[in-house]
Amino acid sequence: MLTRRNFIGTSGLLLASSALPHVALAQNGPLRLEITEGVIEPLPFALPTFIGQGEVAADISRVIAADLRGTGLFRQIPPDAYISQVTSFNAPVSYPDWQAINAQALITGEVENRADGQIAVRFRLFDVFSQAPLGEGLQFVGPVDSWRRMAHTVADQVYSRITGESGYFDTRVAFIHEEGPKNARLKRLAIMDYDGANVQYLTDSRALVLAPRFSPQGDRILYTSYESGSPQVYVMDVASVQRRPLEAISGGTMTFSPRFAPSGQTVVLSLEQGGNSDIYGIDLATGSRQQLTSSPSIETAPSFSPDGSQIVFESDRTGQQQIYVMPAGGGEGRRISTGDGRYGTPVWSPRGDYIAFTYQADGRFHIGVMRTDGSEQRLLTSSFLDEGPTWAPNGRVLMFTRETPGDDGAPAVYSVDISGRNLQRVATPGMASDPAWGPLQS
Amino acid sequence: MRRSLYASSAIHIALLAWVAFGGLLFERSPEVEFEVTGVALISPEEFEALTSGTATDPAVIEAPEAPTVPDVSDTPDVPTQEAPPPATEQPAETAAPAPESDPVPVDPIPDTQVSDEVAVLAPPPGALDEAPSDTPTPEEAPRIAPIAAPLPEPDVETAPDVLEQPTEEAVAEETPVEEVPETAPEEATTEIVTEAEEPAAARAPTASVRPTARPARPAPVEEPVQEAVAEVETPAEEPVAQEPPVEEAPAAQDPLADAIAGAVADAIETPTPAADSIPAGPPLSQGVTEGFRVAVSACWNVGSLSTEAQGMTVVVGFELSPEARPLEGTLRMLEYSGGSEAAAQQAYEAARRAILRCGTNGYDLPAESYGRWRLVELVFNPQGMRMR
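Just so you know, the protein sequences line up as chains A and P, in that order.
This note's numbering applies: residue 801 is where the first sequence begins, and numbers increase by one.
This note's numbering applies: residue 5 is where the second sequence begins, and numbers increase by one.
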């Protein structure tokens, strides 16, 4: 039976229950969302000039900033926008001031001139929005003359801590320096820092030189020279600039396109005899030669896989240049390129995940990468003439030669990120070609 | 309601008056209509004349229509055809037809039965060949008669329905009470079911905690109530145990009132940092969650990550303040896939930067739904950004 009280009570329950949907208690699980797309843009960083006396501190700061900017992954916030000034290396960081200018990374440092004539470079990296150091501070000590290397080393550390992969700033690049008109071009073997600084010429211009290749340790360079009148592979000690023919060859024989094995004890190259070229392996210790391919076609441009178990090379055995992979000890090659154009100069990535190559089709040249099985082919560049890619030691960046058309055409060295972004010309003194990226020096 | 009663009464009175004075009870309505059968007024002489064949001319047939006319020859045609209309209008024209009917027509009424004989007239020989054209007209009259008779009855049956309605007004107080319990449980159950589906586990503990606090209060009857009021206003840390007593005081022994008070207390409960007591609030709309997702996406920069880290999926869990700002100390990587731990750490750092950077001023989330977004898990899956 419904009484007045029950009626009122029921009405009250209805009133209360009608309000409940708006104040339901906390849900059991957290709010879960999936984010599938972000942004790809340079990470803004602040780098106050390192504390220290003299110009070295400023120079080091400038080189570090240039290294980071040059990757295309970082953007330097102009010092004029800084709110805080770092007056002491150990002073606490005013994170709000750096957050206010949207600096996501902060690099502070100082340069100390030591009594022994050396300098000590210290730095710290901070994650501004996390308000915490990103890794521990480091210190490098060296002669004043090596300040650039120390700056590159600091940049490598910053790059590595933020990106998660090793840097490539403290490296050198061997290349061919070119001079003169196109029909009388003079070429010299040279070496420089990765950013074009500290260029050193290793050969004179009396003999034509081509295709230098760094040893895995960076202490030697293989290259092809016409010093004897025909193409022949030489090996040079970088420190002493002493060179010698890799092996004695008879008349009518040409060797070219050399490459070190990962161990540095073996070299593979192309040897042409009687109009036929094949790939050979040469043991540097014994000088013994092993033929790795045997085909009436042209096999050349061999490159070891990082583990030294395989060799990728180009061959026109099907009538057109294509890329093949074979065991390091030789054997039947397996074609991995499938496009209609011409594939050449394959180079295995130091990380082993990609093979870079030159691709020619429809009158255009491209630098591209593909997986080691030929899948996921991706062309990174396109121009009148792009060729000869070389990997940065971290497998993230490629350098290559780009030549402009016409009688006034000139070669230059360019770099590009493996993603195809950040294409830029490398600063070289004059014309340059055939870059070969060396390993990290430290 | 009384209007209808009066109207009904008036109609009934009018109807009865019409029946009484309109001639329904005492006047032969059918006769008026069936005066067409006045054919029966044909005198026996004329009938004999017809049957004998003396009256052969059509003109003679018209003559009998004015039978009353031994002498008056003009009037007979008029009454035969105009008589039916007045029959339906009798209530209003009762006075008019009366003088005409006074003469003798009263007697002819029984003669209407003669109409049957008219049918018999057809066979009679002699005049058959000449009279067929006249005989059909009188035969149509009886077909009309049966239809007119039942018409007046339905008007009388509508009255009872009108009379019953006023009686319901007197019992109006009881009937609504009977309807309420039928609808109330249905509405309550539907809402309770929907609420139970979402926060089922969260709501049960709050309801069970309240009774435990109640027994402790009986000792001091009045003072605790005042203290409870003060506690409810100042600290919001113990809403469940202390808010209900304030409202339960007036009806402490009524379980039904207790249930109401509990429901109301839950409805009034304010959000607090305690995880279990935070009301979830209304569900987040698609637009709100999408806005939150887009806000974090705008700060999720994978451009500075390694290629391996760029292909990794990391799940980051964290807590938001009531102002929708991420609490830095709560950020943590819950899981990762697609690469090494080192690369996952880099991917997590990028995700962490995104959450903190775009949440500096607080995300645009509805405060009333804090319980729904206090804890967040974001899955950073760069599937739409991986290098092809």
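Note that these hints are calculated values from the structure, not bench results.
Every value quoted in this text rests on a predicted model; they were computed, and no experiment measured them.
A couple of the hints might just be wrong.
[Stated by the list, open to error] Calculated Cβ distances over 10 Å to all of chain A for the following chain P residues:
1. Leu9
2. Ala18
3. Ala347
4. Arg361
5. Gly366
[Said to hold, decoys possible] Covered stretches of chain P, going by a simulated chain A footprint (3 or more residues, C-beta under 8 Å):
6. 287-296
7. 299-305
8. 311-318
9. 367-380
Cβ atoms here follow ideal geometry from the backbone N, Cα and C, with glycine treated the same way.
Going down the list of hints, with the structure as the test:
no.: 1; hint: Leu9; verdict: holds (31 Å)
no.: 2; hint: Ala18; verdict: holds (45 Å)
no.: 3; hint: Ala347; verdict: violated (5 Å)
no.: 4; hint: Arg361; verdict: violated (5 Å)
no.: 5; hint: Gly366; verdict: holds (14 Å)
no.: 6; hint: 287-296; verdict: holds (count 3)
no.: 7; hint: 299-305; verdict: holds (count 6)
no.: 8; hint: 311-318; verdict: holds (count 3)
no.: 9; hint: 367-380; verdict: holds (count 7)
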